[in-house]
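Colleague: So you can see what is in the structure, the chains are spelled out below.
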Amino acid sequence: MSTTTAPIPAEVKRHTVGHHFNNAEQEFSAAKLGFWIFLCTEVLMFGGLFVGFIYFRTFLAETFLVAHRTLSIPIGTVNTVVLITSSFTMAMAIRSAMVNKLGQMKMFLWATFLLAGAFMAIKLGIEWPPKFEHGTLPAKFFNAEHAFEAYPFLASVESPHIFYSLYFVMTGMHGIHILIGMGLLLWIIKRAYAGEFYSGFFTPLEIFGLYWHFVDLIWIFLFPLFYLVG
Amino acid sequence: MAHNESHAHGPSQELHHEPLPTRVYVGVFVALLFLTFVTVWIAGFDFGSFNMVVAMAVAVTKASLVVLYFMNLKHDHDRLNGFVFALGLFFLVVFIAPTMWDAFTRDAVDPDRARTVELQPQQVPAAGAPAQQPAAGQPATPNPQQ
Amino acid sequence: MSTTTATPAPATEMDRWPEKHYWNATKGLKSWLFTVDHKRIGMMYLISILTAFFLGGVFAILVRTELLTPGETIVGAKTYNQLFTLHGAVMVFLFLVPSIPAAIGNFVLPMQLGAKDVAFPKLNLLSLWVYWLGSAFAIYSLFAGAVDTGWTFYTPYSLQTDTAVVSMVFAAFILGFSSILTGLNFIVSIHKLRAPGMTWFRMPLLLWALYATSVIQLLATPVLAITLLLIAAERIFGVGIFDPALGGDPVLYQHFFWFYSHPAVYIMVVPAFGVISELVATFTRRPIFGYRFVALSSLAIAFIGFFVWGHHMFVAGQSEYAGMVFSFLSFFIAIPTAVKIFNWTATLFKGSNWLASPMIYAIIFLVQFTIGGLTGLFLGALSTDVHFHDTYFVVAHFHYVMMGGTVFAFIGGLHYWWPKMTGRMYNEKLAKVAALILAVGFNMTFFTQFILGTRGMPRRYYNYLPEYGFLHGFSSIGSYILAAGFVLIAFYLVQSLISGAKAGANPWGASTLEWKTPSPPPTENFPDTPHVQTGPYVYAEEGLDASRRAA
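Line by line, the protein sequences give chains A, B and C. Residue 1 is where the first sequence starts when you use the numbering used here, and the numbers rise one by one after that. Residue 1001 is where the second sequence starts when you use the numbering used here, and the numbers rise one by one after that. Residue 2001 is where the third sequence starts when you use the numbering used here, and the numbers rise one by one after that.
Among the clues, some could well be false.
Unchecked claim - Subject to a maximum C-alpha distance of 30 angstroms in a straight line, what follows is the list of computed BS3-like cross-link-like pairs (lysine-lysine):
#1 C:K2030 x A:K190
#2 C:K2030 x C:K2502
#3 A:K106 x C:K2122
As the list claims (entries may be wrong) - Pairwise CB distance ranges (calculated):
#4 C:W2032 x A:E11: 34 to 40 angstroms
#5 B:A1097 x C:V2367: 37 to 43 angstroms
#6 B:E1018 x C:G2197: 46 to 52 angstroms
#7 C:A2346 x B:V1094: 29 to 35 angstroms
#8 A:L65 x B:A1086: 31 to 37 angstroms
#9 A:A61 x B:A1031: 29 to 35 angstroms
#10 A:I180 x B:G1027: 52 to 58 angstroms
Simulated from the structure, these hints should not be mistaken for lab results. Quick reminder that beta carbons are idealized off the backbone N, C-alpha and C, glycines included.
If we strip away everything but chain A, and leave its shape as in the complex, we get (with noise of 0.2 angstroms):
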């Protein structure tokens, strides 16, 4: 596929710097490392939770290898390429933006939102239930009974609420994340729509890309995470 731009379309509006800007590079760089600041403050935020999964999987070694095993490892790898699809999904939208294929960009921007819905649908839909269900929930809510009943070898380790307390306040900080998103992106498609983003004009496009990839980054870590290591 050729890279030429096409032209700027008629109905686009062109786009003025700020006036604290001397031009549209130095708003768009100062935009981006603005962003890049605030997705250090997330990898700092999500980071820590990460240190309490560290600790807990450490001294609940056992724990943890036995309570992953309840996690459906289908869904969660089906929901990773969900993620991940979005994730280039919006990466060509942002493209189509920088060559003037404003179509292209908002069925792009579309299929994101669409794909990341579907997330949340599988996540809450088809996941979070049977949890609900065997009781294999955060500690106050911890229901031993239905759990020990569902899976017997959870009986024998030693405070698997912790596992499930991890993972709901862990992939639940994501989902608030992924819904944030979700919110974000659908202003950012009724800007597209008024024909905000062409050529010239793209920022807040790349800027949102970034926060969505981020968000696709801390699920590459937290599926393998919970998930797969046993």
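Go by the hints and put chains B and C onto chain A.
Modeller: Just chains B and C now, kept in the frame of chain A:
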């Protein structure tokens, strides 16, 4: 030069970036899918304590692809962005390492220190239930001189 | 001793009271609440944090009044616990963390850069709204049962107490975002918006300090955010990570908490260092001695500050080996800090020293912060900390650095930039009297507490043996004197708004860019973009207008 005049539509008001070819994005996407299947497949084998190492190696590879290509760090003119991200990771390690080291060495000097004390199984009191008060009116005792 | 007289007839065009400036550029409440002008945002922050300081101060006076006599004086144990918790939480989260960066930094930073605004003006406004939202949650928790855990929210008590822990941690969580947004804005502004010719080593030292502070804010605050969320999650969902009854580890909580809260104390004090650099340069009329060292020492403090958090946990159950390493590393912070103190002192030597009120605050800072910093060494040393931990020695130490340091620097900075922000001069004589009252009151209150600490008086106790009665009484009287000093400051600052002399562009004869524009400044800061050709502290040969320094 005064800067409060309104800017005309000029080249400096708009961006002029060349995107990466589509095949790069498709290639990275396919690689990510492939690595996902690899990591699931490999989880079926038992490498003992290397399980974690292998899984993390694949995860780090996938993450690198996302960061370098999808997030464009590889072609970013501003090297500061990559540095910033690396700095965040560095300080995460600064957080993890001493915390874990402390946990590991708690019983190094006094073995009793790391022992979990057996508690009576306790209901977490519901919000609103009176909490245990520290004994009221406890006089402060000066530290013993010895 | 020199005094200032009212500003003489305008020396330059710039000294004339401007017709249009940022106060009157647009009118109406909405134009303020929805502004993107960093100066308006800075002023609104100033009012907000001063209100928070007043609130925290009220709690402090109540605490000290309870401690006037042994036994119950005005409140019982649980209420006392709530009072000192609220004093701490309000002072740390609503006042100290934002204070200099948000109130002074927002106003001054873009101007010192020679820029029209910060990099992300709308994010700046968002950070103010977020600050108000977080404060609202904090005020709400006051009425919903307050909190009695200490501002440190240690588990497992914070998981069990029936007070409004969730809303208070939520307040602090939200306030953290305000802090992050400010820090982010400052870093990008410094990287991208410096005026032509302003290289990194031509930046004023306040900017270096704010940069270092912002780095800390961005790296540390997220860990606090997740810690607070986990407390809330533990209380609501019983997650169990920090609760020993559920298989968790309370020392792990302390690692999480102090990984933020130790760097946080540098968030609170490093901007103060920046202010002191500006004051010392202006009022000695010299470049700061060892400019590069002072600039880089802010970064060094920021960096080292991340490696020492375990010195708050020596007796918490942390391993002895970790304790030894944290203790060893803690001593290193003294080095860049001492670099600053020595360099400021060297600047004073044979400087053209003018003891104007801001300078008086700077000098008092040098004494008080040194005391606070040195006593930190006793606490950083593992062997002595075992005896001092949780005594009044700790309380005295951190009040010397936070209040004797940061608050005094903040007040000094407020006085220094007051003419620029408001266009008015305050009553210099009253200002000097107030500084004296504050110094007397502060040291009476807190030096006494070092002695209380070495005699074993524990902190966070509302009751004590009669033997401590005199010292506690003395300390409490000191706190009333301190309060009187603040009331006096409030009085003459408000008075200046009504009837203060017009300040002119540069009443102090300072050299940084914000003084090269009228007071109050126009919305766009500078009519033309400044072009910088020298370092920040270059003073004209002719010297300051003599009539401004008439003895």
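Colleague: Could you tell me which of the hints above the structure violates, numbers in ascending order?
Modeller: 6 and 10
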